Amino acid sequence: MDMAQTTLDDEDLFSEAASEMREDVESSLTQTREALPDPEAFFDIDAENTLALLNRLSSRLETGAAADNLRDAKKTLVIGEKADAFDDADDLADEIERLEELLGDVETAQQQADNLSSTVPQLKTALEE
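Just so we're aligned, residue 0 is where the sequence shown starts under numbering that gives the first Met the number 0, counting upward by one.
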């Protein structure tokens with residue numbers, strides 16, 4: 000066996016790396032979807048009062064892990080695109096965009112719950128005066 004047969008040429012290595020990068024993006028997107036809040040978990044909340052409800056809602060709308068995974072997917076996609084490693088990555092870019100919008104909506108809902116949880120006690124106090 001000569002040396003040419005035992006080593007991969009640059010094109011084979013590049014193709015293998017591109018395939019692995021695509022798998023990494025797809026894996027990060029799957030992890031993002033799995034880390035999004037469960038709709039049932041924030042839709043059905045038991046709480047003894049409005050403030051407790053808002054605090055629980057806010058905590059159930061946490062997006063930390065989903066945001067981290069989406070960032071990883073986006074970084075890998077950007078690197079792959081700059082290296083011209085993907086034949087067609089439109090599906091990945093579209094999914095990233097869709098998840099960014101969804102994540103933004105969830106983060107907005109969490110901010111609104113946080114705002115209400117600070118406003119409700121102030122409003123209660125003002126109305127009691």
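No lab work stands behind these hints: they were computed from the structure.
Values in this document were obtained by computation on a predicted structure and should not be read as measured data.
Some clues are possibly wrong.
Said to hold, decoys possible - Cβ pair distances, simulated, as ranges:
1. L126 to D89: 29 to 37 Å
2. D93 to S14: 20 to 28 Å
3. E127 to V77: 49 to 57 Å
4. A64 to E22: 16 to 24 Å
5. F42 to E15: 24 to 32 Å
6. A64 to F42: 16 to 24 Å
7. R97 to D37: 13 to 21 Å
8. Q30 to V119: 32 to 40 Å
9. T49 to G103: 23 to 31 Å
Stated by the list, open to error - 25 Å max Cα-Cα, derived SDA-like pairs, lysine to any residue:
10. K73 to A51
11. K74 to A125
12. K73 to A84
13. K73 to D83
14. K81 to Q109
15. K73 to E22
The beta carbon of each residue, even a glycine, is placed where N, CA and C say it ideally should be.
To see whether the hints hold, each was checked on the structure:
Evaluation of the 29 to 37 Å hint for L126 and D89 yields a failure: the beta carbon distance comes to about 54 Å. As the Cβ distance of D93 to S14 is approximately 23 Å, the hint placing it in 20 to 28 Å holds. For E127 paired with V77, a C-beta distance near 54 Å keeps the hint of 49 to 57 Å intact. Here the CB-CB span from A64 to E22 is close to 20 Å, well matched to the stated 16 to 24 Å.
Taking the beta carbon of each, F42 and E15 are about 44 Å apart, not inside 24 to 32 Å as hinted. Against the hinted window of 16 to 24 Å, the Cβ-Cβ separation of A64 and F42 comes to about 20 Å, which satisfies the hint. About 18 Å separates the C-beta atoms of R97 and D37, a value consistent with the hinted range of 13 to 21 Å. Distance hint for Q30 and V119: a CB-CB separation of about 35 Å, consistent with the stated range 32 to 40 Å.
For T49 and G103, the Cβ-Cβ distance of about 26 Å falls inside the hinted range of 23 to 31 Å, so the restraint holds. Only pairs whose Cα atoms come within 25 Å are accepted, and K73 paired with A51 is rejected, the gap being roughly 36 Å. For the proposed pair K74 and A125, the alpha carbon gap of about 48 Å is over 25 Å, so the pair is violated. At most 25 Å may separate the alpha-carbon atoms for a hinted pair to count; K73 and A84 meet this at roughly 14 Å.
Proposed proximity of K73 and D83 is supported: the alpha carbons are some 15 Å apart, at most 25 Å. In summary, the hint linking K81 to Q109 is not supported, as the alpha carbons are separated by about 34 Å, beyond the 25 Å threshold. In summary, the hint linking K73 to E22 is supported, as the alpha carbons are separated by about 13 Å, within the 25 Å threshold.
Hints 1, 5, 10, 11 and 14 from the list above are not met by this structure, while the remaining hints are.
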